[in-house]
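> In terms of the working numbering, the sequence shown is residues 1 to 330.
Be careful, since some hints might not be right.
[Claimed, not checked] Here are the computed distance ranges between Cβ atoms for each label pair: (1) Trp330 with Ser275: 30 to 40 Å; (2) Phe180 with Asn119: 19 to 29 Å; (3) Val29 with Asp327: 28 to 38 Å; (4) Arg193 with Ile254: 22 to 32 Å; (5) Ala156 with Thr99: 42 to 52 Å; (6) Trp330 with Ser96: 29 to 39 Å.
By construction, these hints were calculated from the structure, which means they are not laboratory data. Beta carbons: idealized from backbone N, C-alpha and C, even for Gly.
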Amino acid sequence: MHIVRSTIAGSEIHRILTAHYSNCLENAVCMLEYRGINDIYRSIEGGVSYFLKIYMRKDMTKESIEAEVEIVNYLWQSGLCVARPIASRDDNYLVSFDTPEGVRYGVLFTEAQGSPTDNDKLDDAGTQAIARYLSTMHSLLDSMPVSPKRWRLDEALFLDASLNILTQYSTFNDCIDLPFLEKIVKEVKAQIRANSVEWKWGLCHGDIYAGNIHRDKHGSLTIIDFDFCGYGWRAYDLASFLGFFGSGIGTEAIEKRKRRLDSFLRGYTCAGGLSEVEIEAVYKTFIPFRRIFNMGYLYESLQYVWGNRLRLEQIRNDQRLLKEWIDYYW
1 MHIVRSTIAG
11 SEIHRILTAH
21 YSNCLENAVC
31 MLEYRGINDI
41 YRSIEGGVSY
51 FLKIYMRKDM
61 TKESIEAEVE
71 IVNYLWQSGL
81 CVARPIASRD
91 DNYLVSFDTP
101 EGVRYGVLFT
111 EAQGSPTDND
121 KLDDAGTQAI
131 ARYLSTMHSL
141 LDSMPVSPKR
151 WRLDEALFLD
161 ASLNILTQYS
171 TFNDCIDLPF
181 LEKIVKEVKA
191 QIRANSVEWK
201 WGLCHGDIYA
211 GNIHRDKHGS
221 LTIIDFDFCG
231 YGWRAYDLAS
241 FLGFFGSGIG
251 TEAIEKRKRR
261 LDSFLRGYTC
271 AGGLSEVEIE
281 AVYKTFIPFR
291 RIFNMGYLYE
301 SLQYVWGNRL
311 RLEQIRNDQR
321 LLKEWIDYYW
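Produce the entire structure from the sequences given, and follow the hints as far as they go.
Next comes the structure, spelled out in structure tokens:
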């Protein structure tokens, strides 16, 4: 029997954590916190929580996870507030799990203080604070003395691989508008060829949106979830936060998007900030760029979390929003 994605009991997670980590106490409670791209378990005792991330994507090799740990540790050691990885008793950051689908790796992280930021409640001051934080993060990533072995966030991954997935998926789901998606991919590739020489490139977080940025009651920020960290265009790295695609292109959403950009530009100064061509690329190029990736690569990775019905529903919704988006921004 071929198993794709098994679920480890919380009691077994507890046993493994107490065997490997000195800070995980015998009386802690371990439970599955949520399931997404990865399985996230919480270990809690006395109000102190740690989060174990068990990597489930098939392309996440041991080497790529080690590189993620290296990046996050570098940021933490450089003074940036991040949810940092914790070493085991034998000074390893990765712990292995023998599961029915094969060996999976996990990393234990500290808790991000505060709560995820809320797009609907984020004011100008909060946006500017996040911009300063992200500017510091990008500056630190530019100064890393080594080049961790992470993937490239480029058209081969985001467009070609995702379109291949969507093409295969369309053979038994006729609601997928393949001609439309092919047109989007062709146009985005043309924009990349014409303009990418003017876009700054570097090591990126890869998944910056409000939910991955926590803020505590004192206003301190912590970023989490470097799963998609890799080498890409900085305008892409900021696109999800600046664009908040799901809000659509109604009058209120467009005005809110403009206000967020204005506030953000006052705080984001890394390497001279964002140029006019990069600002244009955020909305014109990188929102469609990321959405094609979501519909293809990302949603396929969530197939055994969502099931086919929810996956198809999400693709339908994304197609509708994407058509509205390009009607306005193109």
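> Work down the list of hints and note, for each, if the structure agrees.
Quick rundown of the hints versus the structure:
1. Trp330 with Ser275: 30 to 40 Å: For Ser275 against Trp330, whose Cβ atoms are near 20 Å apart, the range 30 to 40 Å is violated.
2. Phe180 with Asn119: 19 to 29 Å: Given a distance of about 27 Å, which is inside 19 to 29 Å, the answer is holds.
3. Val29 with Asp327: 28 to 38 Å: violated, 50 Å
4. Arg193 with Ile254: 22 to 32 Å: Roughly 28 Å apart at Cβ, these two residues keep to the hinted range, so it holds.
5. Ala156 with Thr99: 42 to 52 Å: violated, 30 Å
6. Trp330 with Ser96: 29 to 39 Å: Violated - the Cβ-Cβ distance for Trp330 and Ser96, about 47 Å, lies outside 29 to 39 Å.
Against the hints set out earlier in the document, violations occur for numbers 1, 3, 5 and 6.
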